[in-house]
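Novice: Taking the hints into account, I'd like the entire structure generated from these sequences.
Chains as they are written, first to last, in the numbering used here: chain A, 2 to 514; chain B, -1 to 426.
Treat the hints as calculated values from the structure; they're not laboratory data. Bear in mind the structure is a predicted one, so any value in this text is a computation, not a measurement. It is possible that some hints are incorrect.
[What the hints assert, rightly or not] Per label pair, the in silico range of CB-to-CB distance: (1) B:Arg207 / A:Ser276: 50 to 60 Å; (2) A:Glu83 / B:Gln132: 51 to 61 Å; (3) A:Ser198 / B:Thr78: 57 to 67 Å; (4) A:Leu340 / B:Asp121: 27 to 37 Å; (5) A:Arg386 / B:Ala272: 12 to 22 Å; (6) B:Ala287 / A:Arg386: 34 to 44 Å.
Glycine is no exception: its CB is placed at the ideal position from the N, C-alpha and C atoms.
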Amino acid sequence: MKLTVWTYEGPPHVGAMRVATGMTGLHYVLHAPQGDTYADLLFTMIERRNHRPPVTYTTFQARDLGADTAYLFKDAAMAAYERFKPEAMIVGASCTAELIQDDPGGLSETLGLPIPAIPLELPSYQRKENFGADETFFQIVRHLAKPMEKTARVTANLIGPTGLGFRHRDDIVEVTGLLMDMGIEVNVVAPMPASPSEIAKMGQAHFNVLMYPETAETAARYMEREFGQPYTKVVPIGVGATRDFVAEVAKLAGVEPVLDDSRLRLPWYSASVDSTYLTGKRVFLFGDGTHVAACARIARDEMGFEVVGMGCYNREQARMLRSVAKEFGVEPLITDDYLEVERRIEELAPEMILGTQMERHIGKRLGIPCAVISAPVHVQDFPARYSPQMGIEGANVIFDTWVHPLVMGLEEHLLTMFREDFEFHDDAGASHHGHKAKLRDIGKTETVSAEPAQANTGPVEIVWLPAAEKELKKIPFFVRGKAKRNTETFASERGVQEISVDTLYEAKAHYAR
Amino acid sequence: MTERFAPPPSRGCSNTPVLKQRGQHEVFCGLTGIIWLHRKMQDAFFLVVGSRTCAHLLQSAAGVMIFAEPRFATAILEETDLAGMADAQQELDRVVSELLERRPDIKQLFLVGSCPSEVIKLDLAKAAERMSAQFAPNVRVLSYSGSGIETTFTQGEDACLAAMVPVLPQSDARELLLVGALPDVVEEQAVGLLEAMGIGPIRVLPASRVNDEYGIGPNTLYALTQPFLTDTHEALQRRGANHIAAPFPFGEEGTTQWLRAIADQFGVSEAKFAEVTDAPRARARKAVAQASEALRGKSVFFFPDSQLEIPLARFLTRECAMEAIEVGAPFIHKTIMAPDLDLLSEGPTIAEGQDVDKQLDRCRAARPDLTVCGLGLANPLEAEGLTTKWAIELVFTPVHFYEQAGDLAGLFSRPVRRRDLLKLEAAE
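Specialist: Right, dumping it as structure tokens:
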């Protein structure tokens, strides 16, 4: 039993729903109690889909359990076939139905449906949403796709996009463009928005572009083995990764690497003078492994941030992320415990978080700006405008998204110059954010407690003398965390137990760059 | 104020045959009630014993995660709990001890059963009893089921309140008990009106803190503020308390009749009743008239959702001049619904339970001017050109009593007005 406040991933059948909802001509018959239909709103409300997910729930009730629930499943499956006439069905159980062991796969075989009915085994009490999506897509490919003669021209499948995916809709467009510039056609994009008959044609592509390992890696490995289709290992998020991706694709396709970067603005925006305020900002990254690894590289190499920590919630990517963290010289955090992530962020006191909607809330609580880089998603992650993460435009979008939560360059200077000012002060917040500016009462002076403040620095007890603490408060809030931490590290390294104003400025001089 | 309501219909819907179909239900389970119950009971914590799906539902239904560490959580059952490798009761003890250690502010803990915990027959009542003894007097532990195999949406609140009734002390005092978790502002209005008539003392279930509680007994008179509180109603009956039957307090008419039923029990004079209610009634009437302008003569179709459908159909047809085509409710408790069914003019299909695909067929065929439905259906129906009101908002917004009557009409008229407002074609 595990106490859980918020979850990063839903149950595995929600992953299967993401695959089914992304596809066309496929129907999911889910053995589940009433109430599990809540999952429909993820798609209709969060993603604003204009169709109900193609899912039929058997909605059994307590009174059915004494009798036969299997017939409920069979009736629901037959009715769903009659009503929706899908090209193929996937059948499975949610967590509760798994316990009553009705075997939807076996039951659907007895129905004699004229279409393929693909059984899903998704262990609800062991695995989670990403596994559910990955396994479902793999089963669909395994049942429907067959080895085929390759197309005359060089083609590729794009695999991984699903319903409710973080910017999947726009990434498809961007990656399609990258391939087109090299004269490579797209064979099938799957699971979203492919139909079962398109899945059947996946074997004719020359290679696969694995866009999201979280949802399609098992299928990619299968197709490599069965259809002789190699797959891409680079995820083209960021400028460097996009260039690497183009090189990798060129090699797989046997064509010249071509990248039209005429619309690429990130490098110049990062290099322009205004962006010196980004330099060395301490950032913490958390999300799914793929997005965190890609964004860590952007943060360090393309924005000039200092990566102080990273982690992911999906254990499937733990090994990969550990090796990335090692390269960055930071401790990886592999957990799906929201409170643990919060503790780590508190400890590291970064100046910015690149995370998920969950970290956005942590950031709100701790007063740390946060930009969202990964699922789990929120209605805000489905903007009306085109906003991919991948490719050239993805890089531009990322620059804007990450800079937005921060206080901008000159404004930062004004806050520093006039930090005691009634308008420009720590709590005022960035002027381009909509909330009401808090004016400070000019007559009021900050009260500092006479008791020295205790710092939490492990074995050696360090205290902040009141004057030093007061001085620390004069440092703008967005660098205060860094200053406090640096000073405490500086003091503990030198065995200094009381931090005075001098210690503060000695530390400042020590860490100056 | 003289009576200005339309006369009750010669034939209401009480004897209308109810359409019952068995199929897919598109409704939340009872766990959803935790979202508002934990705000209402400020010293309570709700621990769902269930699966990752339960945790995901709560998170999704809460919509935004406003509270960094909310007063609800899920003890997620794992493979070891199911395979009998770990004693589930011991595991639960461990999780609860951990929780109470971290949250000393908790005075009431609800162990909430879910579909998986019901199916594996995890006895939460037994666990609650054991823990109550262990943590008394600091923490009271109760249990109820919010599982989807037993409850739909608002029935979770019903199950929770019903679980609280047996532990209320015995009392012979003649007191009025208002039953249902209402937003504070609404609750205060109701209490204010009743007190102004000289009625009291007034108690509320659920009380916002465990220490605010009171006794009940054969001299307790209670009025339900929400139509879904059927198990609570029965639990109160078992304690000998007396039900004041009335239409539910939505709109000017519902509120007046509800107040009058209580006033009659407490011997309030006509003059006193008029003195207290005339001004707010006039305000409510004016507000409803303004807010319902866009609704006059329009048709409405209810999918089953919050159990508020029948009283709301009564409000929309009688006070907003709408025509009801179908009124679907998850379940219909005839006794509790009778006063509202009597007022609802014969005509609409009254449906209980759901086969969502067949109901969608009927809705599409009828093409109502307004469809009231859950979140899973609203956007798809909008995309088909139907105007919708998503029903969950009716549970999350203050809509009871006089001062909110206009807001209630406004919730329905806004989508209708929006459809008229949006103009996306070229000017020429």
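Novice: Take the hints in turn and mark each one as holding or not.
Specialist: Against the structure, the hints:
no. : hint                            : in the structure
1   : B:Arg207 / A:Ser276: 50 to 60 Å : holds, 53 Å
2   : A:Glu83 / B:Gln132: 51 to 61 Å  : holds, 55 Å
3   : A:Ser198 / B:Thr78: 57 to 67 Å  : violated, 43 Å
4   : A:Leu340 / B:Asp121: 27 to 37 Å : holds, 29 Å
5   : A:Arg386 / B:Ala272: 12 to 22 Å : violated, 58 Å
6   : B:Ala287 / A:Arg386: 34 to 44 Å : holds, 41 Å
Hint violations for this structure: numbers 3, 5, all remaining hints satisfied.
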